[in-house]
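J.: Here's the letter readout for the chains.
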Amino acid sequence: MSLVGFEVEVDRSESGLETEEMTLNMGPQHPSTHGVLRFVVKADGEVMRQAIPDVGYLHRSIEKISEKVGYHGFMPYTDRVDYVAAMFCNQGWGMVSERLGGIEVPKRGEYCRVIAAELNRISSHLLSVGTMVLDIGAITPFFHAFREREKINDLLEELCGARLTYNYMRIGGVAWDLPPGYAGKVLAFLEQFEPMLEEYDSLVTSNKIYVGRCAHVAAISAEQAIDYNLVGPNLRASGVRYDVRRDQPYSVYPELEFDVPVGIGMVGTVGDSFDRYWVRLQEIRESIRILRQCFRQIPDGPVIAKVPRKFKPPAGDAYVRVESGRGDMGWYAVSDGSEFPYRCRVRTGSFAAMAIVDNISRGLMLADLVTVIASLDIVAPEVDR
Amino acid sequence: MKELLDGWIAQGVFGSLPVDLVYLIGLLAAGVVVVFGFVLNVAGVTTFVERRVWARIQSRVGPNRVGPQGILQWLADGVKLLMKEETIPYAADARLFKLAPYVVVLGFIAAFVAIPFSSALIAADLNLGLLYITSVTSLVVVGILMAGWASNNKWSLIGGIRAAAQIVSYEIPAALTIFSVVLITGTFSTQSIIQQQGWAPWSWYIFHSPFTFVGFFVLFTALLAEGNRTPFDLPEAESELVAGFVTEYSGARYLFFFLVEWGNLYVISAVLVTLFLGGWQFPVVGGLGDRPVALNALQLLTFVGKSYFGVIVIMWIRATLPRIRVDQLMTTCWKYLVPISFVNFMGTALWVAVWPDGNRVVTAAMTVLGFALVGYFLSRVVFHLRRSGARLTFSPLS
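Here the protein sequences come in this chain order: A and B. Going by the working numbering, the first residue of the first sequence is number 1, and it counts up by one from there. Going by the working numbering, the first residue of the second sequence is number 1, and it counts up by one from there.
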């Protein structure tokens, strides 16, 4: 990774000037490490030699808690795995429990799940895109993104009573049916929201300084992305067309039509920070498409299957994948036939993204580390769980 | 000022006090009046204006609770910061740490000495006024470097070093552009430069020649960088360096740094207005020439109005643009601004040699070009307003 115009080699032996690397402690409290992240940065002036991620500041033993609270009781805890996109965690836990217990979710319940999840995906991507621009120094686009996010929060609040930790889904379906007139409200919001994306494009995507800060910065090749097990928008930005919703379909996604946008190196290299930003913007557009289809196709009927209050799935294990806001989220659960799961394990995208930071940030400028963290969309609670 | 004191001394107002002591007290009193009566208010009101302008751009409301429309918010904030406990890090170099804000404030307030407000309102019409302004504003960098070093914090240190590199680099294009104007006027005095321009746009130096037209934008960019404003706010890049050189400061000393930051906005625009936009020039029509107080008031309004227009443009830029990276910062300066300003300097010198009294045709053409640019800009604004279907309601105080 080299920087154009900044190949300065300091000759230390002849000039007699000794320089030494500075160890900077970025985090756990730092304005741009969203949440409690910590990087130990070894910097030579403004150039980073190494940025070692230090994880574990937000470990809350969520997986262990599942062994004590049972299948139904664990649902509110899953919200806290990734509080920016809690619907997907709800959905993952619901799906893995249903697979263990062999429960079929009613069609309408599946559609409710997808509607909630796609709304949540838009809000999660808006947060990611908004904070990325904020970290690069522009303040206004952040407020514009959050203004729209508020409206989604209002919609989700109407759906399930909560704005951040939803606890909307249940094993076997969802807790409540869509409130009356909900389709109209969501469609009206989408109608108003779509032009806002164009505003975002003209304010940010085509901004010369923004492009200069993101293009060619921390490009991840497709091989590297697969080696490091990147998932979701980070993987797709590197040009790999892999989306769990399309390649290992679950829920009602096979009935829905949507594209999987990949990074094309629009202004720089394929897989650079700009591509990761751009892919998220495109995914918001795809989510809008999916939502419109959902409201067209949603059938009548019950939203939740009959599940006994004492849910005791037969002994065995199950693994499901959900395409969350940060990509392929894996939920693994082992049942020993009792009321409580024997073991639960969550595989999250942010953890893998954290691992690649050290590799791609070598030789970049200090300011680029902020861009890299923001473009990988690392959400601290998801790293540690 | 001096005449007034001399008159009072002659009348025996001060009794048998030594004359030098009277002068000293007079100077201090004038300084206190200017600083507390004007400089601090300019800086304070600018913070309030910035917060409201930002809020409007970001579809928020902004502070509107303290006083009518929140106009006293800056006083409340200032009092709050003055009352706060001031902490000095255990490992900091305490003396330098305490001294740094004063150096910064000194460099900033001293600039006001040579900035004119009307044909009569100027603290001192120095014959080297511009040179003086460029020199004293450089004091700020010493203070910032001091703050960055003395805090004994790595983020502060990086911020301080960045500020030093940035301000020193951008002084070169700024000074070259300022001196290309001096080539035309033949004087460093800020008042004489304004007097040589007229009230009408075509007599402003921005339209004097193509070189001054470009020079205006070069100087604007360079002064933005010198004032640590977006997109050049790297020294205090809050998302990278926590708060840069002010990270460890609190209370009154923190207030001083921010006072300078916002006060500098006014200084930047005032310098630009003086050099390129005709300063306080107001058409002397009717019997205005016989009524110096009214004329000076109008000139003051003109100057402050033009300056605040510049201030709002700077705020608008800050609300819109991201921050550039440190290598891009240096590239912008050394690869673009410095060569352009050199060409400008030589070009202006040639221009003045060929047409000592200016070229009326080119000036007219530049004026038309300037108005065409403004017209194009306004048409784009109208286009975007139409496309977004925005409702325009003009109520600046709501």
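In short, the hints are calculated from the structure, not lab data. Do not take every clue at face value.
[Unchecked claim] Here are the computed lysine-lysine pairs in the BS3-like style, where the Cα-Cα straight-line distance is at most 27 Å:
no. : chain 1 : residue 1 : chain 2 : residue 2
1   : A       : Lys64     : A       : Lys208
2   : B       : Lys335    : A       : Lys208
3   : B       : Lys154    : A       : Lys42
4   : B       : Lys84     : B       : Lys154
5   : B       : Lys84     : B       : Lys98
6   : B       : Lys98     : B       : Lys154
Every value quoted in this text rests on a predicted model; they were computed, and no experiment measured them.
J.: Hint compliance check: list the failing hint numbers for this structure, sorted ascending.
T.: When the structure is compared with the hints, only number 1 turns out to be violated.
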